[in-house]
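Peer 1: Could you put the whole structure together from the sequences, leaning on the hints where they help?
Line order of the protein sequences matches chains A and B. First residue of the first sequence? That's 1 in the working numbering, and the numbers climb one at a time after it. First residue of the second sequence? That's 1 in the working numbering, and the numbers climb one at a time after it.
Certain hints may be false.
[Said to hold, decoys possible] Straight-line Cα separation of at most 25 Å, SDA-like style, residue types lysine to any residue; simulated pairs:
| hint | chain 1 | residue 1 | chain 2 | residue 2 |
| --- | --- | --- | --- | --- |
| 1 | A | Lys29 | A | Asn296 |
| 2 | B | Lys111 | A | Asn296 |
| 3 | B | Lys77 | A | His170 |
Bear in mind the hints are in silico, worked out from the structure with no lab data behind them.
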Amino acid sequence: MSLLVGAWTVGLILSLLALGVFISFRVFKFPDITTEGSITVGAATAAVLLVKGVPAPLATIAGAVAGAIAGALTGVLHTKFGINGLLSGIIVMTALYSVNLRIMGQSNIPLLNVPTLATDAEHLGRALFGVESIAILSWSLAVRDALTLLLSVVTIVLIGTSLYLFLRTHLGTAMRSTGDNDQMMRALGVNVGNMLILGLALANGLVGLSGALLAQYQGFADVQMGIGMVVWGLASVIIGEALVGTQQLGYVVVAAVMGSVLFRLLVAVALRAGLSPNDLKLITAGFVFAALVLPNAVKGLRSAGGRQHA
Amino acid sequence: MLEARAIAKTFHGGTANEVRALRGVDLELEAGSFVIVIGMNGSGKSTLLNAVAGTFFVDSGTIRLAGHDVTGWPEHKRARFIGRVFQNPFSGTAADMSIAENLALAARRGKVRGLSWALPRRFRGTLQECVRSLGMGLEDRLDNAIGSLSGGQRQALTLLMATWVKPELLLLDEHTAALDPKSAEQVIRLSEEVIARDRLTTLMVTHSMQQATALGDRLIMMYQGRVLHDFRGAEKQRLRPEDLLARFEEVRRTEQLDESAANMLRRMYV
Chain A
1 MSLLVGAWTV
11 GLILSLLALG
21 VFISFRVFKF
31 PDITTEGSIT
41 VGAATAAVLL
51 VKGVPAPLAT
61 IAGAVAGAIA
71 GALTGVLHTK
81 FGINGLLSGI
91 IVMTALYSVN
101 LRIMGQSNIP
111 LLNVPTLATD
121 AEHLGRALFG
131 VESIAILSWS
141 LAVRDALTLL
151 LSVVTIVLIG
161 TSLYLFLRTH
171 LGTAMRSTGD
181 NDQMMRALGV
191 NVGNMLILGL
201 ALANGLVGLS
211 GALLAQYQGF
221 ADVQMGIGMV
231 VWGLASVIIG
241 EALVGTQQLG
251 YVVVAAVMGS
261 VLFRLLVAVA
271 LRAGLSPNDL
281 KLITAGFVFA
291 ALVLPNAVKG
301 LRSAGGRQHA
Chain B
1 MLEARAIAKT
11 FHGGTANEVR
21 ALRGVDLELE
31 AGSFVIVIGM
41 NGSGKSTLLN
51 AVAGTFFVDS
61 GTIRLAGHDV
71 TGWPEHKRAR
81 FIGRVFQNPF
91 SGTAADMSIA
101 ENLALAARRG
111 KVRGLSWALP
121 RRFRGTLQEC
131 VRSLGMGLED
141 RLDNAIGSLS
151 GGQRQALTLL
161 MATWVKPELL
171 LLDEHTAALD
181 PKSAEQVIRL
191 SEEVIARDRL
201 TTLMVTHSMQ
211 QATALGDRLI
221 MMYQGRVLHD
231 FRGAEKQRLR
241 PEDLLARFEE
251 VRRTEQLDES
261 AANMLRRMYV
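Peer 2: What follows is the structure, given as structure tokens:
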């Protein structure tokens, strides 16, 4: 049970990463690798501030801001200096590795003895229930885990709704159409370069926030924690789109969240069944490859079959 | 309204592919005039429109628009004054977004895009009325993605978008060239209507001699990056497609003459 609750919580926290990947890859069609550095910079910033005694909500927001700055930097490299998009992300991501080590002063910061959002949740739970664990359907569940999950749900619902509403404002609509047709948007008076910078800041802000929350949930920030996160986010987005579809804007936001949770649950079950954690990234990459190639392959087979019949 | 002075533009300068697309064009448009631009492929018609729109900066010369020197302004800043319809129906609309959203985007041309709703309820009534005026039955499909529409429908919507906020200058770049004859006729009729109704200053490039003679109050013919002929007033009204074809034939003969002269010189001296 606690394994499942943990998978849900991590899935929800990483759904912020999925939303960030959705904005850069889907809305802007920009292959943004900054993600791998910005999740770590979010975690590192939050962790260092927490150790220094900064209140957890403030430290979390600072993590998001750090991620946003990283994203904006990638946007500036691409639009103002004309560097290829993929390369801009790689440059910033590489630089962030050193920056993260500088921020943390070491490669790993444990958060076991400092107050975090997770311990806040624990205190809140004790105050509410007055016990260490509660029974749900004969399973005993630690109050700390239950409250962390609840807080994650509330956070994701709030952020997902805000993002959905933002994308329907004049600014948000302009952002979506910039990714769709930038020539048209220039003709309609939009500075598409600045729009991309703003969009990447938003995307990586969400990723940074995800990192800050993840560090607090798992109890440490680590300089390696960003590796493979782009593919992880893409896998979540793809699963979500397959489940929910992309017909409406609301669906797309829900899809990213659902995809992330489901993917995390699948991984938890697979690990439980004996999958080696070392193979996880290989399998994730293989999954994304299949998800990208199979729909076209199936389409190709179908049209080939159609031709034979005709 | 528009005042272009000696504008010149060379692409791929200094390479084997060097193209001198504009070689000193002077053009002045009075407010409310409807000017047709014709010319053979590579004569610089589209380059002229793009130079005015700010797709690139000119190498020399100045462009003034609505009282501002816009020579150094980027494209998105000039868009405050300019409405545009492109040749490619895919260029003027965002395919993944709905008809309503596309129009909402156009309604903010040259304005700040803030955090208010792009599609408030009271805006939908206005939208429906304007889209109905196109006479294409699209008013009931406002939430459909633009990508599901035909080229003619997309071009009609692009025209509506370009003129939603009344532009100081309307640029039409062969906007019916990619359409079937029936849609082309429909889009031309809509263009005429909106230009007459709002008395829009218009610069329209076309390949159709029929459109060139039937529309507009002035016609310029471009050749090798320069304005070759400028017909106005009664002279423009008298023009027939045959007259224009005769002018093109003249140009072609001059070109041939140049070529045969060059060949003759080559034989003699090389």
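Peer 1: Does each hint hold? Answer for all of them.
Peer 2: Now the hints, each set against the structure:
1. A/Lys29 with A/Asn296: Satisfied, since the Cα-Cα distance of roughly 18 Å is no more than 25 Å.
2. B/Lys111 with A/Asn296: Violated, at roughly 41 Å.
3. B/Lys77 with A/His170: holds, 18 Å
Going down the numbered hints, you'll see the structure goes against just number 2.
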